[in-house]
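Participant: Sequence:
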Amino acid sequence: MSEVAKTDVVLVGAGIMSATLATLLKLMEPDWSITLIERLDGAAAESSDPWNNAGTGHSALCELNYTPQRADGTVEIAKAVTVNEQFQVSRQFWAHAVESGVLPDVRSFLNPIPHVSFVHGADHRDYLKNRREALVQNPLFASMEYIDDPAEFARRLPLMAAKRDFSEPVALNWTQDGTDVDFGSLTRQLMGYAVQRGMTTLFGHDVRDLSKESDGSWTLKVTNRRTRHKRKINAKFVFVGAGGGALPLLQKSGIKEAKGFGGFPVGGQWLRTGNAVLAAQHQAKVYGAPPLGAPPMSVPHLDARVINGRSWLLFGPFAGWSPKFLKQGKVTDLPFSVKPNNLGSMLGVGLTEMSLVKYLVGQLLLSEADRVDSLREFAPSAVDSDWELDIAGQRVQVIRRKGAGGVLEFGTTVLAADDGSIAGLLGASPGASTAVPAMLDVLERCFPDRFPGWQPKLKEMVPSFGTSLSNEPQLFKEVWDWGTRVLKLDAKATDVPPVTV
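In case it helps, this note's numbering puts the sequence shown at residues 1 to 501.
Note that these hints are calculated values from the structure, not bench results.
Wrong hints could be hidden among the right ones.
[What the hints assert, rightly or not] The calculated lysine to any residue pairs, modelled on SDA-like cross-linking and capped at a C-alpha distance of 20 Å, are: (1) K330 to G320; (2) K459 to H96; (3) K232 to E3; (4) K163 to S385; (5) K252 to D206; (6) K236 to L443; (7) K236 to E257; (8) K236 to W218; (9) K232 to A5; (10) K6 to D206; (11) K230 to F203; (12) K221 to R208; (13) K339 to K402; (14) K212 to G420; (15) K129 to P150; (16) K212 to G254; (17) K221 to A5; (18) K129 to I77; (19) K236 to W32; (20) K252 to V331.
Could you build the full structure based on these sequences and the hints that come with them?
Facilitator: What follows is the structure in structure tokens.
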């Protein structure tokens, strides 16, 4: 084994999280040395690849799981507001990055698209009306419309209206200014910026182990997957942004903050079509309500996507299952992640989440015809031959210790050692959309001595930094208008004027 190479920062995983953190660090501390280690041969090849995620700029405009209905019929919006506030931070940083040349090609990763919630049935229609009334009181959601007129429905969503029986009530919450994001393109552009400024990249390399030294630094054992050559790298700070692969590495680190955590892998599948006629008839991201007893991640949606400059429609997600923590992982990932400190959490979830187990079994039994039948709830005129099945990425849902057992969490969790020497990210949606606030959280928690000095520059990049835009409508308007102009989001994806129905 060769001598130990030294670097200030090691980033494990070449996805959107590591790319965002690399860019922030290069902007804050351009002289710091950064080494990125990725087991595959390219950037954004796992969860950040556009075919492996929904591409939704998650801002809680259309995702009904962020706005649950209370027992009294009112709608809880706190989670939706939190998610939207987080997306606003990402949006501002992207605008700054475009303006300053960090992101040279905005249209390759960001496109305007309406975000729409869709329900049918009288009870669901009433919920959607109440949801809109609750949300529009907040400036972040003020442009949301409520639509239940069949003619207006058909004008805005012609593909979904074709062959639809409108005798059953339908309703929409429509927000014109949503986004479709190609997180693969975004990741590669951010990575390119960091590499141009000196970041070292080791693709095709596995981090096999890591251990803490007496001076507080970390030594990583790294293997070249092609040549089997081994090396050691010592870093003052380590960030594990390896998607589903983050949990095993954080467990190997031995930090107490990772104890009790487990993970449950869930695969994703989509029906997709590149039929240009169909794509022209559906220019929106339309989210429905999850099936009874299904987990939040199962919310069905019919999405307009722009990938590599071409328009696509995707419907899903349908769940698959594998014990792998990554799409290109190992079947031993799940069993090897079970440790004495998380066994209680894992067993507890296994006993309490029977609805998830039932849902997964049902999904695995679906035939191709069954999947198209599900699509027909959104697009009644769907023809089997127009659609093909695409295997998406693996998600590892966080299992957190709770009492003597555990609880399954649907969200994104940042873990950081109390001395700030190592951090990692677990979980899934809203994930990539909140990469910027998540990485700002890492900076604040892991570099408390430097963070106050970074704040003025961070405030230039994210003008609302440290402020709740919900409470500052004028500031929200200013940063929104600035972001819309710089990110070229004023060229609407559909030429549909707002109406009140």
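Participant: Each hint needs a verdict: does it hold in this structure or not?
Facilitator: Evaluation of the provided hints:
1. K330 to G320: Since the Cα atoms of K330 and G320 sit roughly 16 Å apart, the hinted pair holds (cutoff 20 Å).
2. K459 to H96: Cα-Cα ~11 Å, so holds.
3. K232 to E3: Measuring from Cα to Cα gives roughly 7 Å; hence the hint holds.
4. K163 to S385: The hint holds at about 18 Å.
5. K252 to D206: holds (14 Å)
6. K236 to L443: Holds - the C-alpha atoms of L443 and K236 are around 14 Å apart, at most 20 Å.
7. K236 to E257: At roughly 18 Å apart (the allowed maximum being 20 Å), E257 and K236 satisfy the hint.
8. K236 to W218: holds (6 Å)
9. K232 to A5: Holds: K232 and A5 sit about 6 Å apart, inside 20 Å.
10. K6 to D206: holds (17 Å)
11. K230 to F203: Distance ~14 Å between K230 and F203 Cα, so the pair holds.
12. K221 to R208: holds (6 Å)
13. K339 to K402: With Cα atoms ~16 Å apart, K339 and K402 stay inside 20 Å; holds.
14. K212 to G420: holds (12 Å)
15. K129 to P150: holds (15 Å)
16. K212 to G254: Roughly 9 Å separates the two Cα atoms, so the pair holds.
17. K221 to A5: With Cα atoms ~11 Å apart, K221 and A5 stay inside 20 Å; holds.
18. K129 to I77: With a Cα-Cα distance of about 14 Å, the restraint between K129 and I77 holds, given a limit of 20 Å.
19. K236 to W32: holds (11 Å)
20. K252 to V331: holds (18 Å)
Of the numbered hints stated above, none is contradicted by the structure.
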